[in-house]
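Undergrad: Produce the complete structure using the sequences and hints provided.
Residues per chain, in single letters:
Protein chains: 2
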Amino acid sequence: MPATNRQFHLAATPSGKLEESNFRLVEAPMPEPQDGEVLLRVHYISLDAANRAWMQSATYRSAVVAGELMAGGGLAEVIASKAPGFAEGDLVFADTGWQTYAALPARHLTKLPAIEPMTHLLSVFGVAGLTAYFGLLEIGNPQPGETVVVSAAAGSVGSIVGQIAKIKGCRVVGVAGGAEKCDWLTHELGFDAAVDYKSAPVFKALKAAAPQGIDVYFDNVGGDIFEACLFQMNNFGRIACCGAVSQYDGAPSPHGPRGVPGLIVVKRLTVRGFIVMDFYKQRDAALAQLQDWVRTGALKVHEDVIDGFENTPRALIGLLAGENRGKRMVKVS
Amino acid sequence: MPATNRQFHLAATPSGKLEESNFRLVEAPMPEPQDGEVLLRVHYISLDAANRAWMQSATYRSAVVAGELMAGGGLAEVIASKAPGFAEGDLVFADTGWQTYAALPARHLTKLPAIEPMTHLLSVFGVAGLTAYFGLLEIGNPQPGETVVVSAAAGSVGSIVGQIAKIKGCRVVGVAGGAEKCDWLTHELGFDAAVDYKSAPVFKALKAAAPQGIDVYFDNVGGDIFEACLFQMNNFGRIACCGAVSQYDGAPSPHGPRGVPGLIVVKRLTVRGFIVMDFYKQRDAALAQLQDWVRTGALKVHEDVIDGFENTPRALIGLLAGENRGKRMVKVS
Chain A
1 MPATNRQFHL AATPSGKLEE SNFRLVEAPM PEPQDGEVLL RVHYISLDAA NRAWMQSATY
61 RSAVVAGELM AGGGLAEVIA SKAPGFAEGD LVFADTGWQT YAALPARHLT KLPAIEPMTH
121 LLSVFGVAGL TAYFGLLEIG NPQPGETVVV SAAAGSVGSI VGQIAKIKGC RVVGVAGGAE
181 KCDWLTHELG FDAAVDYKSA PVFKALKAAA PQGIDVYFDN VGGDIFEACL FQMNNFGRIA
241 CCGAVSQYDG APSPHGPRGV PGLIVVKRLT VRGFIVMDFY KQRDAALAQL QDWVRTGALK
301 VHEDVIDGFE NTPRALIGLL AGENRGKRMV KVS
Chain B
1 MPATNRQFHL AATPSGKLEE SNFRLVEAPM PEPQDGEVLL RVHYISLDAA NRAWMQSATY
61 RSAVVAGELM AGGGLAEVIA SKAPGFAEGD LVFADTGWQT YAALPARHLT KLPAIEPMTH
121 LLSVFGVAGL TAYFGLLEIG NPQPGETVVV SAAAGSVGSI VGQIAKIKGC RVVGVAGGAE
181 KCDWLTHELG FDAAVDYKSA PVFKALKAAA PQGIDVYFDN VGGDIFEACL FQMNNFGRIA
241 CCGAVSQYDG APSPHGPRGV PGLIVVKRLT VRGFIVMDFY KQRDAALAQL QDWVRTGALK
301 VHEDVIDGFE NTPRALIGLL AGENRGKRMV KVS
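Here the protein sequences come in this chain order: A and B.
First residue of the first sequence? That's 1 in this note's numbering, and the numbers climb one at a time after it.
First residue of the second sequence? That's 1 in this note's numbering, and the numbers climb one at a time after it.
Since no wrong hints were added, every one of them can be taken at face value.
Remember, identical chains collapse to one label, so a pair may be satisfied in a single copy or spanning two.
Derived pair list, reagent style DSS-like, types lysine-lysine, alpha-carbon separation capped at 30 Å:
#, residue 1, residue 2
1, Lys267, Lys111
2, Lys166, Lys204
3, Lys17, Lys267
4, Lys267, Lys168
5, Lys300, Lys166
6, Lys204, Lys168
7, Lys331, Lys300
8, Lys198, Lys17
Source of the hints: derived by calculation from the structure; they are not laboratory data.
TA: Structural data, given as structure tokens:
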């Protein structure tokens, strides 16, 4: 065990695009677990677009304030326990924050099974996979033959959403940035079509890719792409609102999408927001299904692992710029 | 029976606010029912904000085109029948259009019971009452103690929404234009509070009237009031999108409400559009409940009857300007 802990603090609340200077690498004393707590060694830190939203204001969690440890989910191993039910060697998921070691109360931990490779616990069997699963199936409720569109389609959630929609017999269109990602979606992941929002106006390209209109839109981005999809929804369509990454990094848009609420009425749409915790009770059944799909090869897992704790800020900045394919995480050591 | 029929045609598609010159009063031959049709004498013409939307473009129905008979719901009596199942004296609801007589296929008619006063068939037991009932109960799903906000609260639908929400044990806030209407909501209809959007910024006034936040918002207007409510919704709140009257008459807003979809995600809102036909199968049960509430006095019925067919255009223009309290209709003769 090293003598010191390494942490990234939020040095300053970003006022525009996130930069490395918004973070400060700090050496801190090794944390000591109190009664009811465990000491964790963090193996992998999960990077998520929502991390950026946390810096700006309270969301479904309190805001991360300048001067504090940066928050973030981590896959960690118990190395000392003062809590019943947890023993050395146990794997857990927790909001460890961006640090190499953490002491946390047992009630803040989710115990995880031993799975190979361990990284799947942060991707397809973690928040990303469960978010895709619940958002698509519980809110989108896709039926065979329907058209499903997903934005940020090459990302951790979107790449799984599209594959599950294919398993369910839908026509699947992904919206992503860049020809390479679009090729990857159609050639590697089996999407029926992909729209490159960087190369052409989205509305027209979507119309060509989804000629029967859109029945389910899984929204990860908000903004113009949300608006383009809204105008192409079919009657009784469903929009699962998972995130609004286009609004996280930089100045928030001064306006919302046109057609709200007029098109929602006329087309009788259901637009519903969610976060994965809302479906916690159904977690075990969902994981069993996801494991089955991965085992049979119906669902391919793509991960984007960045090596080295010191690269965590850069990894998040890159994620917000759309660098990653599949789930991005940092391998701490 | 007179020798001629009187009709209002849409003379020109309005490009801004609706004016009387957009209509033309036309004398037409008396219609003759064919086999399978009935001849109707129209007693009352229903005026609805949606009438204005129909002139602009296809909605849940095809657009009303310049030169054609203006569309609109009517309460009518069968005066001659060439259709099995319909006899002289039967009351029906149908899209008769703005005319004094109509010949329509039987399949386009909804037969109505004989109720006193007949006008209730267009208000509380008609589209307005059923729209309020289904939108509030099926989409809003209000629970005792929750806060319900309704816009266009003094209108045909809003005035019923608020009263049903009171019956369900909710705190009810109405948004309406003008102090008189607001007084009427609180003193006559039993609303807990009313916000006059013409006298003060809505956001602050709403905050005062709904200090615990909003659980259910029944939206009849869209635009700024929608946005103000969206920002004050509680987690897991429901927005029933019934209409967007602020957008119907005049140039449509170039932007949508801010906070879409970001706040929908963070607060896990459900925003759902509907029209009354979507709940047709549950109609009988709803009518029985509404009749019970009216009989016991739990639900007060307010109607705004304008006399004289020739006043129909003016009555609609006034409705769009917010003149009416409760359901507005024209008594044809």
